[in-house]
Amino acid sequence: MASMPTQRIETDIPARLDRLPWSRFHLMVIIALGVTWILDGLEVTIVGSIGPALQGHGALNLSSGEVGGAASAYIAGAVGGALLFGWLTDRVGRRSVFAVTLGVYVLGVLGSACSFDVISFDLSRMLTGIGIGGEYAAINSAVDEMTPAHMRGRVNLAVNASYWAGAALGAVASLLVTNHDFIPPNLGWRLGFAVGGILGLPVIWLRRFVPESPRWLVTHGYLPEAEVATARIEHAVRSLGHTLPPPRGTLSIRPRRSFGLGVVLHAMLVTHRKRSFLVMVLMLSQAFLFNAIFFTYGLVLTKFYAVPVDRIGLHILPLAAGNLFGPFILGPLFDSVGRRRMIGGTFAASSVLLVVTAVLFGLGMLDALTQTLLWMAIFFVSSSAACGAYLTASEIFPLETRAMAIAVFYAIGTGMGGLGAPYVLGRLIGTGEAWSVSIGYLIAAFLMGCGALAEFTLGIDAEGKSLEEVAEVLSA
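If you count the sequence shown from 1, position 383 lands on 383 in UniProt numbering, and the numbers rise without skipping.
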């Protein structure tokens, strides 16, 4: 790469990227990178749907606690992977990292399919989580930095919502692999996990065509490479007949090859400490809700409503649909109505609906159908809330710390809110007492309410603004 500049420079690259219309190039980037969330949704739903099948003697003969423990191993791996690869993403580039993390995921998920006891299964789930956790930091950074400012909210929500397309795929797959008339019990669950590995392999090849983030290149001193990458993107857009307006404004920076951990932590914990607190609350609350419910919903259906294992997928599909359509329908409002109102409102609505569900469940007033319909309504809004939390983490910190900030708060939120949630809910379900499970739901409601309060008081109005306007780059 080119030599490092030694003086301050003026660049219009961020403005050139932000003024672009939506094009086939952006769609290619979204498809190649957004598959991460499809695979993650597939993983969570497969475990949630076939969790009871793993307890059978024809499979791994796991207890309810061990099913929850495997989910916790997955989340622990995701936390560690996010921290490791988040640091590398800011240091060596977005493209270098997302070329590796998907391969790690594929190895982990194929290892899950080949597991022979609880230890090998837990280790494979942890490796799968390491790959997925690393993906979060690299992918969110790259997507935000290459998406035009006026569409960043809806695009980010759509990418994160694609998780639920994977969840729907996992629900359909679970219907097939748990049908013992077609597939033997000792083979079906293995095929369920192998689906993710099969889907991941061609995407590794597709990512070869995704460029490095020009924003990352220019702030780290790779100016010729940044100019070439930006020019190629502009050429791809013009070739479709678009006329590009002149860029508005320039950015004055002093590029650096790397930014020490001390600089990163100072930006997060001192300069932007209120923003850090906001993101921590948002990530923790949504992580508890989603990890607690989706890793254990299959157990609730079988234990409280006597739903056969091979029918669980039919109840997961409506939940996945609510989660998928919510961000796609509400997403444009995050760019028009604004971040603060939409994120705060969706967190608050989720909290209220969770309280209603917890009370009705405890009173025994629900059945499998009404329980599923309530979760569908809850996740229609809470999915947008969760996507808004990831959007917030990825756009309100300086570019040089973006991936690390995503990783740190994903790790904190997921570790505190998600690591113990599946295990706790698994144990509460194991008691067979409806009100015990309702306590878990009420905890989730309280945390989502805290997220709403934090967003309304500390939220950042980032809609329509360039990333550099939302948070000044450190190299400035």
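Everything labelled a hint here was simulated from the structure, so no lab data went into it.
All figures in this text were calculated on a predicted structure; none of them were measured in a lab.
Using N, Cα and C, we set each Cβ at its ideal position, and we do this for glycine too.
Check before you lean on any hint, since a few could be wrong.
Unchecked claim - So the derived label-pair ranges between C-beta atoms look like this:
| id | residue 1 | residue 2 | range |
| --- | --- | --- | --- |
| 1 | G65 | M365 | 26 to 32 Å |
| 2 | N61 | D461 | 52 to 58 Å |
| 3 | L176 | R257 | 46 to 52 Å |
| 4 | V228 | F116 | 46 to 52 Å |
| 5 | V356 | F456 | 19 to 25 Å |
| 6 | A99 | R238 | 25 to 31 Å |
| 7 | R248 | P224 | 20 to 26 Å |
| 8 | E472 | P148 | 18 to 24 Å |
| 9 | R341 | S258 | 34 to 40 Å |
Okay, the hints, checked on the actual structure:
| no. | hint | verdict |
| --- | --- | --- |
| 1 | G65 with M365: 26 to 32 Å | holds (28 Å) |
| 2 | N61 with D461: 52 to 58 Å | holds (53 Å) |
| 3 | L176 with R257: 46 to 52 Å | holds (50 Å) |
| 4 | V228 with F116: 46 to 52 Å | holds (50 Å) |
| 5 | V356 with F456: 19 to 25 Å | holds (21 Å) |
| 6 | A99 with R238: 25 to 31 Å | holds (28 Å) |
| 7 | R248 with P224: 20 to 26 Å | holds (24 Å) |
| 8 | E472 with P148: 18 to 24 Å | holds (20 Å) |
| 9 | R341 with S258: 34 to 40 Å | holds (38 Å) |
Of the numbered hints stated above, none is contradicted by the structure.
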